[in-house]
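Q: Generate the whole structure from the sequences, applying the supplied hints.
Protein chains in written order, with this note's numbering: chain A, 31 to 387; chain B, 299 to 800; chain C, 91 to 438; chain D, 19 to 337.
Hints may be right or wrong, so weigh each one.
Claimed, not checked - Computed footprint of chain A on chain D; a stretch qualifies when at least three of its residues, placed anywhere within it, have a C-beta under 8 angstroms from a C-beta of chain A:
hint : region
1    : 222 to 229
2    : 252 to 263
3    : 315 to 324
These aren't lab readings, by the way, just hints derived from the structure by calculation.
Predicted, not measured: the structure shown is a model, and the values here were computed from it.
The beta carbon of each residue, even a glycine, is placed where N, CA and C say it ideally should be.
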Amino acid sequence: MDMLKKFAGSSLFLPVVALLVLLVFNTIFVDGFLSIQLTEDGRLYGRLVDILNRSCSLIILALGMTFVIATSGIDISVGAVVAISAAVVCTMIGGRGDGVAQMPMALAVLAAIGVGVLCGMWNGLLVAKFKIQAVVATLILMTAGRGVAQLMTEGQIITVYYKPFEYIAGFLPGMPLPTNIFIALAMVLLVAVLMKKTSIGLFVQSVGINATAARYAGINVTLVIFLVYAFSGLCAGVSGLIESSLIRAADANNAGLNMEMDAILAVALGGTLLSGGKFYIGGSVIGAITIQTLTTTMYALGVSADQLPVVKAIAVVIICLIQSKKAQEMFDAWKARRMSKQNGKKTSVDGKVAEQA
Amino acid sequence: MAQALLEMRYIDKVFPGVKALSNVNFTLHAGEIHSLMGENGAGKSTLVKVLTGVYQRDGGTIVMNGKLISPKTPKEAQECGISTVYQEVNLCSNLTVAENIFIGREPKKHGFIDWKTINQRSEQLLAKLDVHIDVTKTLDNYSVALQQMIAIARAVDVDAKILILDEPTSSLNEEETKHLFKIMRQLQRQGMGIVFISHFLDQIYEICDHVTVLRNGELVGAYEISKLPRLELIAKMVGKDLSAVKDMDKFAEKSTPSEEVFLDAKDIGAVGKLREVDVTIHKGEVIGFAGLLGSGRTETAELLFGIEQIHKGSIRINGKKINLKNPMDAMKEKIGFCPEDRKRSGIIGDLSVRENIILAMQAKDGIMHHIPYEEQCKIADDCIKLLKIKVSDREQLVKNLSGGNQQKVIIARWLATQPNLLILDEPTRGIDVGTKTEIQKMAISLAKQRGMSVVFISSEMDEMVRTCTKLVVMRDRRKVAELTGEDISSDGVMKAIAGGAA
Amino acid sequence: MKNRLNQLIASKYFSFFVTVLLFAILYGAGIAMYKGFMRPQVFLNLFIDNAALIIVTVGITFTLIIAGIDLSVGAVLALVCMVLAWLLANTGLPVGVCVLLVMVMGTVFGAAQGYIISKFDLQPFIITLAGMFFCRGLTAVISQDTIQIENPTWVALASYRVDLGIGFVSIGAIVALLTIVVAAVVLGYTKFGRTVFAIGGSESSSALMGLPVFRTKVMVYAISGFCSSLGGLAYSLIMLTGYNLHGLGMEMDAIASSVIGGTLLTGGVGFIPGALVGVLIQGVILTFISFQGTLSAWWTKIVVGALLCVFIIMQAFITEQKSKLSSKSSMEDNNDPPIQPTPSGAES
Amino acid sequence: GGEQSASSGSGSGSGGKQITMGFSQIGAESEWRTANTESIKQAAKDAGINLQFSDAQQKQENQIKAIRSFIAQGVDIIAFVPIVETGWDTVLKEAKDAKIPVIVVDRDVKVSDDSLYVAKIGTDSVKEGNNVFKWIDEYMAKEKKTPRDGGSQYNVVVLEGTVGSSVAIRRQEGFKDAMAKSANAGKYNLLASQTGEFTRQKGQEVMESFLKSYGPKIDILFAHNDDMALGAIQAIEKAGLKPGKDITIISIDGVKGMFQAMIDGKANCTVECNPLQGPLLMETAKKILAGEKVEKLVYVDEGVFPADVAAKTLPERKY
Ligand SMILES: Nc1ncnc2c1ncn2[C@@H]1O[C@H](COP(=O)(O)OP(=O)(O)OP(=O)(O)O)[C@@H](O)[C@H]1O
Ligand SMILES: Nc1ncnc2c1ncn2[C@@H]1O[C@H](COP(=O)(O)OP(=O)(O)OP(=O)(O)O)[C@@H](O)[C@H]1O
Ligand SMILES: [Mg+2]
Ligand SMILES: [Mg+2]
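A: The structure is reproduced here in structure tokens:
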């Protein structure tokens, strides 16, 4: 009971409730939504696994985005960076039909992540050092990034036939869940440990709430902002690996398309204010899963992809309203008013007593 | 007695974890200047904000001119005829000075805003307060003090029945205060009711007719000022008996600085900020920077803390030449700095008291050397106890503390880093009498007991004279004199400033 | 001379001048490099092609000034195009009525967003993002296919050309320029406009100063909705169709234009003519590329990004220099401090 | 550089005046499109035509801007791949007023007045859809496949292209038409049809959802393009089924990747949609400018490539 109360007061409560509502809805309206089977080769198979599998790259992006937003910035280039990272790994491994890798996969993977970090550092440089507004600074890479990815793939979709490449977002032999779920988990845990064992959280929040005061307290604001964007780039790099492994190809045009918006949405649904300051990693993760669940639901219900946004919009507004403090206050006030109407007489008597005293 | 202009009865206001006001009564008559007194966090600002609809009260009634009113927003309060200057300057820094004075009630010509009139009238209005500045520049070009004056200009120009001034004089100098008082008296004669909040007893006794004292959100009583001796007023505010209060003012001996030099700044200057200053700070010394507003005291302090970089001159610490590129460099040399503008460069509003206190310490330790939670709590609790910070618990958000308590949190932040040199820029601004003496005593005892050097910047000559062993007098962004020992007196400082002017 | 320069630097229109200057440089480079770039029609085409974007940018600038944002503009524009096309195709209503209907629809939608944002204190980014999803989806619900407008009045309006002697412009372009003028006047010379800036400077201070914050915020989003629908009409005059994918990503173009023109996303600062130049700069970059004529798809993206980058960094650099210069000059001015009350003590 | 500009007067070409063609491409959204672009660029070079290429980044707006800019530059002829069918009246009228002939490439336009363009070169999407069904019908009969759910009908799922795009509409139309007209119409049941937006990601995601909903029932997958089919194949494998065997897979385009999949036995057929339209375009352009009469509608050649010819054909494929 006590635990429950504690949970109800925690920042995770509302995002979790929103997700649960969605899951309950699915269980009712989508046949076999909860069913999970074990296939012959020991893999779990079912819609829930799909949702987790597909939300991984979004979760990872949302991790990076959370820090960026906490410093009251924003990174709209992540989608393009995903495309670049995907292009790097696929061109390096190569699209040879005989399934042989052109370069060692480990090298390709490292290069892809490295390029992601570089992109992040570039954004960080513009925002932290040149003091360019975050939207504009990251707009540059958002515009040019996809072009860079296409340049690398020369406009082709490079399909990788090298078997181990599939493992990144597929099943390692004998594993019940796809690898990317473990990757996402590892990243989340890493961040959780960093939050617990270092003062990153305190520094990032201070910078986001009041950068001037943070500087006066000795925090290297420029460095914090720079690192935050670099980390966001790293996350985008990892996401790019997963996205490309999912389709075993680099599709420079569509990899990570519009993912920046989803990542921002995930962060916001998780309870972090876009104006910066307090942030909630757990909330962002749940927000990302919520978004993917919503998408999967729509596919399952056969809602056409271009009409899907209507439902998404309504869901988002409802989730926001549930989470809004102001709306809660108004609801409480309304309840109080109804209560007082019911025992209206009593209050007015009290009022009179007060007047006379 | 004639009907009261304003009557607030049984006002209650509860914040999560704090009962900010309980059953407070307040009566204001037309043509009266009425003071609200109380320690930091007593609930003065809250009472004002309840009246002007910023906060919704949890109980009680407000009667104005015999009519029940219940303003839900500041706008409604204004429409009722209540004009307010809030404690923290609440203007828009992106608008010009003139616009800040006239926004919401702009004069028009042919249906469009008449900028010429606005600028002219603003200049006239400010001239009455003896402020002569370029009103077409944006507000952020001016210091807190000037912003305060601008806010006052706006409030007095509004055609209102009640004028509320919440600590308007906290950053004003004597001259400016005089101008303000002149205007207040004028308005009083016109039959306006004025609520005046201040921690300066002199000012209260000079201008007010009545005083209402609050303590811990409760009403202590309302008194006629002429019948209430100072010490009694203080006793009522702090809730102790008279004898205890008398002890409070007994001042400690000044510190005796050692011969050892901690910091030696030679001819330092920065383009656009400071012309030329040199200071020597000894260990265990309380040194004051005196001067008028805008004389460059803050800038000097900022150069010593590495916020701005020097373009000429040199700084030596413990004999070693040091290049201060950022605050961290200064912190490594064990320097701490409480900035004067606490809202902008002091507090991190959305963080808790605990986090605000350990922030500098953590920054110094580095990101990887996380101070364990338990230790953080201990440090925070110690500081809260030491400085008597009034909080509901250490996890309360700093932005919800009263102004004075926010100031204490920032001092605590730097004390926690155990500096060798602590720079306090206007640390007593907006602080109640009791606490003010506590802070002065603290500065002295830090110097005496821990051998710490303290730079004390304040616009109140008295407290500088009382606490400092050396005064650096500045004018026009350069040092004009240095006073020690017997020379330290209000007169001495004034002469030094005037001498510099001649 | 030096004084003049200082004055210019200190002026609040400085960043606008910088933007205009950079635009001129870009245009000059075009003229130097490509024959035909000099034709006046190339310049006028900037207005014809970008009429809708100009109008939408004006609307979004209002929301940016109050430190908000409106991501729904592109989608509202698409919805307006679609509804207009649908109404013209499926009802016998006269053009005027249809136009009025869609304008009201867009404005009301904007106001509704503003109401939700202000009333429940929600983040404008999220609510307008939801608004964007909503309108896009709704457009698809009306028709997944394009609907062509065949109404003769509308078609005639679309092909009407206003001859300026040196070339021609479309009706949309003229409406766009009018919008710019009206918006600039509203922001500069009306109570409402100034309140918008005040809210951007500090919402809480504005409330404490007794300004109508709630009403103004709702109105700002309504204006953004209004501009999106007006932009939709201009767009419809160019496209003569309703289509789900019209104006895709336009919100980003509009935000970028506005910011390049000197608007701060942190609110409180914005300049309508600057926003216009912001649009023109993006337009001229595209013209550049189409005159260049050999870039492949990806190089186009990279070059647009690179030009944007050069531009933005240059702007940042110049603004930085400005703040340095102005602080220096203020020190020089202060040789004789403007006010120096004689301290009372000195007289005695 | 002077060579980029319309060098109408300078006459640098071999046969007197060099032709300048303004060409507006949609973007580079797929390999197919890239091949299309390459073909046109190459053909222009071969034909000695100066090509002003402009990429619209998937926006009709940008295409209209480009065409307007071509007019301002004074090119000799304009060709463009219309991203959507409608909305071209105004700008094409401007071209006509400037007396610049226009060729529509690859996709259709709907305009009020057919004289706004001189010729259309392209592929016949309806026919492609037709061919898809015809091949399925033959194949099912030939292989004597039985419905997997044991019923009497083959269950078909369709991955559609981008909603509202003329290609997607026509291919679906051609497919359904052929089915309705066929004598065997009763044997097929259209189980589900959803858009995969012509991309691998979406194709895969939607197929996953199909499999969860109708897993054991699906017999045939028709994807509006190869990329979606390639995405779907992976989803099918993940579900433990054998693509190409358990589920018969056919799609349109004929990109190399699809041939590879057929060689691996994971797909069954691809109906070609020929992107190599450059030579025909240049030829037509020259004729028009020389004042010759040309056909209003010209289609490029297209074939059907089942799995058994895949290995032989792959080396010849250009895209
Ligand atoms: N928004 C808020 N939320 C929670 N607590 C608050 C809030 N505002 C004020 N308080 C609390 O209410 C009490 C009274 O604060 P108030 O600002 O009225 O003090 P004050 O008398 O004006 O003090 P000072 O002289 O320092 O300005 C304090 O304990 C403060 O922490
Ligand atoms: N009375 C005044 N008239 C015009 N400008 C002023 C006035 N007072 C201050 N300023 C200007 O405001 C700016 C900051 O003022 P502020 O009082 O903070 O300066 P300061 O040097 O930090 O002062 P202090 O010595 O009081 O700490 C300075 O640039 C100064 O020129
Ligand atoms: Mg107060
Ligand atoms: Mg100062």
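Q: Next, verify each hint and record whether it holds.
A: These are the hints, each one checked on the structure:
Counting residues of the region 222 to 229 of chain D whose C-beta lies closer than 8 angstroms to any C-beta of chain A gives 5; at least three are required, and the coverage claim holds. For the region 252 to 263 of chain D, the stated coverage by chain A holds: 4 residues have a C-beta nearer than 8 angstroms to a C-beta of that chain, and at least 3 were required. Only when three residues or more bring their CB closer than 8 angstroms to a CB of chain A does the claim for the region 315 to 324 of chain D stand; here the count is 0, and the claim is violated.
Of the numbered hints listed earlier, the single one contradicted by the structure is hint 3.
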